[in-house]
Amino acid sequence: MVDPARRHPFDAGTMLIVPAVLLLALVFVAPLLWFFAKALASQGGPAQIVAYVATIVTSKAVVSALILTNWTALLVTGLVLLISYPLAYTLANSRGMRFTLVLFCVVVPYFTSIIVRTYSWMVLLGRNGIVNQALIQLGLIDTPLTLLYSMTGVLIGMVYVLLPYMVLTLYATMRSIDPGLMRAARGLGAGGFYAFRRIYLPLSIHGVLSGSLIVFILALGFFITPALMGGPSDVMIAMLVERSVEIMYDWSAAAVMSLVLLVATLVLYGVYYRTTDVRRMMGA
Amino acid sequence: MTAVEPGPSRGAIELRGVTKVYGNERVVDAVSALIRPGEFFSLLGPSGSGKTTTLSMIAGFVAVSEGSILVDGADIVAVPPQRRGFGMVFQNYAIFPHLDVFENVAFPLRARKLAEAKIRERVAGALELVRLERFADRFSRELSGGQQQRVAIARAIVFQPSVVLMDEPLGALDKNLRYQMQVEIKEIQQRLGMTVVYVTHDQEEAMNMSDRIAIMNGGRIEQVGRPVDIYESPASVFVARFLGEANLIEGTLGAASGGSAELQAANGLRFRARSPSAPARGGAAHLFVRPERVTIARADAQVQTQADGALNQTRGRVVQTSFLGNIHRHLVEIAPGVRMTVDVQNSGGGSMPQPGEEAALSWRVADSVVLDG
Chain G
1 MVDPARRHPF DAGTMLIVPA VLLLALVFVA PLLWFFAKAL ASQGGPAQIV
51 AYVATIVTSK AVVSALILTN WTALLVTGLV LLISYPLAYT LANSRGMRFT
101 LVLFCVVVPY FTSIIVRTYS WMVLLGRNGI VNQALIQLGL IDTPLTLLYS
151 MTGVLIGMVY VLLPYMVLTL YATMRSIDPG LMRAARGLGA GGFYAFRRIY
201 LPLSIHGVLS GSLIVFILAL GFFITPALMG GPSDVMIAML VERSVEIMYD
251 WSAAAVMSLV LLVATLVLYG VYYRTTDVRR MMGA
Chain X
1 MTAVEPGPSR GAIELRGVTK VYGNERVVDA VSALIRPGEF FSLLGPSGSG
51 KTTTLSMIAG FVAVSEGSIL VDGADIVAVP PQRRGFGMVF QNYAIFPHLD
101 VFENVAFPLR ARKLAEAKIR ERVAGALELV RLERFADRFS RELSGGQQQR
151 VAIARAIVFQ PSVVLMDEPL GALDKNLRYQ MQVEIKEIQQ RLGMTVVYVT
201 HDQEEAMNMS DRIAIMNGGR IEQVGRPVDI YESPASVFVA RFLGEANLIE
251 GTLGAASGGS AELQAANGLR FRARSPSAPA RGGAAHLFVR PERVTIARAD
301 AQVQTQADGA LNQTRGRVVQ TSFLGNIHRH LVEIAPGVRM TVDVQNSGGG
351 SMPQPGEEAA LSWRVADSVV LDG
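Same order as they appear, the protein sequences are chains G and X.
With the numbering used here, the residue at position 83 of the first sequence is 83, and numbering never jumps.
With the numbering used here, the residue at position 94 of the second sequence is 94, and numbering never jumps.
This is chain G alone, in the form it adopts within the complex (with noise of 0.2 angstroms):
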């Protein structure tokens, strides 16, 4: 079945968004291919080439950066999904004034600058910060905990900045869920966790997997947060070719690294289309 107003390649549709496509070749894929291009080929011939990436994605540094870089997106992940989900729970399950207001609280943050954010954590987490203080005057402990500039503190910073994706994410999935089927499953003699593990958590597993892979990716380039808020040995693979440009004038490392940074993140993306088109075929 052919569409008389889809047939034209070039119709008002494809003109639309010839602007954008243009604006990205010219400010990102230009300048990352031209930077790719201009630090690998000062390495000599392909052969060289090769060789040089290989030693780079080898070498200690970026081996360890690389690990903690995905075990701390994925712990960022597992937490915002753990804090997200009854937040999303209960926004997609609120009318008015409670609405607004936990929808507030997400949203605002997320409009916020992420320095900004980040200093007044520090703020709440130094070693005579608020957390703390509050803590010893408590009594619940006596000397002040490491918070800041420690993996606890990079953690605390992500998930915070993080959140917003998450909770959105999962409360479009959860707005779409009939809340007849909760009580039907009630109605025909499901407890609580049983209704919850049979229908609810099937049917919002599409915007927990996008959401997870969002925070994920997300977490992987992160810079600024485990820059202020981390310790000397947290070291993120965004961090790594910061210090290869600004300290090391290394710019072929820097590209290599940025590389493998954006062949992951492509990667996932590509799961991340895939899982959401999923979902559009289900009718979800």
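Quick caveat, the hints were computed from the structure, so don't treat them as lab data.
Covered, in the sense of this in silico footprint (three residues per stretch, anywhere, with C-beta under 8 angstroms from a C-beta of chain G), are these stretches of chain X:
id, segment
1, 103-114
2, 150-162
What the simulated footprint calls covered on chain G by chain X, stretch by stretch (three residues with Cβ under 8 angstroms from a Cβ of chain X suffice, anywhere in the stretch; the number is not a length):
id, segment
3, 170-181
4, 184-191
5, 196-210
Since the structure is predicted, the reported quantities are computational estimates derived from the model, not experimental observations.
Note that CB positions come from ideal geometry on N, CA and C, so glycine has one too.
Based on these hints, arrange chain X on the given structure of chain G.
Relative to the frame of chain G, chain X by itself:
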């Protein structure tokens, strides 16, 4: 246990002054009813009459503000919905979209932790009953509305509940399919001997399926009875208007005697009608008579307006006629602003009075009722 009782013995529901208050509004107001085991009982009323809220309270989805609900003698008001053990069919079917037909129907059994072999046997039986054996591995999006409805019914009866609650289950189907499903639901209900509490706003549906109907209005039950009793002897003007076509002639009550009373209508018209209650003389009332109980003839003969013996007679001018297939419908003005509808069975013969002509109307006193208000 040797003797098997004839007919169902479980599934009696008693509503005792069941009330639901939202804010200041009594959405359901002191509803009492006794639903017998194996009975097909409908709650019929316009939207906002409280019928769905009443059903939701029986189901356990809505908390009861006052009163109690007894099932086989035990108060279930404090029991959560999943432990009430009712089968349920919902308005939009509520088929689980991620489970196939088999798993949908198996859901109540799995929730009750039955053995796999037992589940297969029961689901197969339920699917056979609704004639969906060949659709076990389909998903709801691959089914028609009628098929989804059948899945919902199979799921509601698969665990052999003694009571099944149905909330406007046929609302989304087109007219022909709806009638067919009414017959099927009724058949299944009779075969399994279960009590069905059925909510609908469709009077034809309620009449077609129910053993008894409760007509609801403004959160209260206006009348409970067999369809034929409610149709022939409505207890109020609301019921008369709501169930079927009705002529309601306004007037004031005159003398009452021997179970009938006189009604004085506009323009000096006087009629007699049955009067089951003993209404106050001089009070406002309506005379009720069904359009098909009124006889119409061309007013060639000398006809007098009178309330004589067992027959009411009057005359009027035909305003409009319409042909509805099985009946000819006439709209006749018997006094300024007082119009009556008269239905004549289409039996193929006879000439009907035409618009503008004078016509003579008559109906038996026994076919009309005086209603208060």
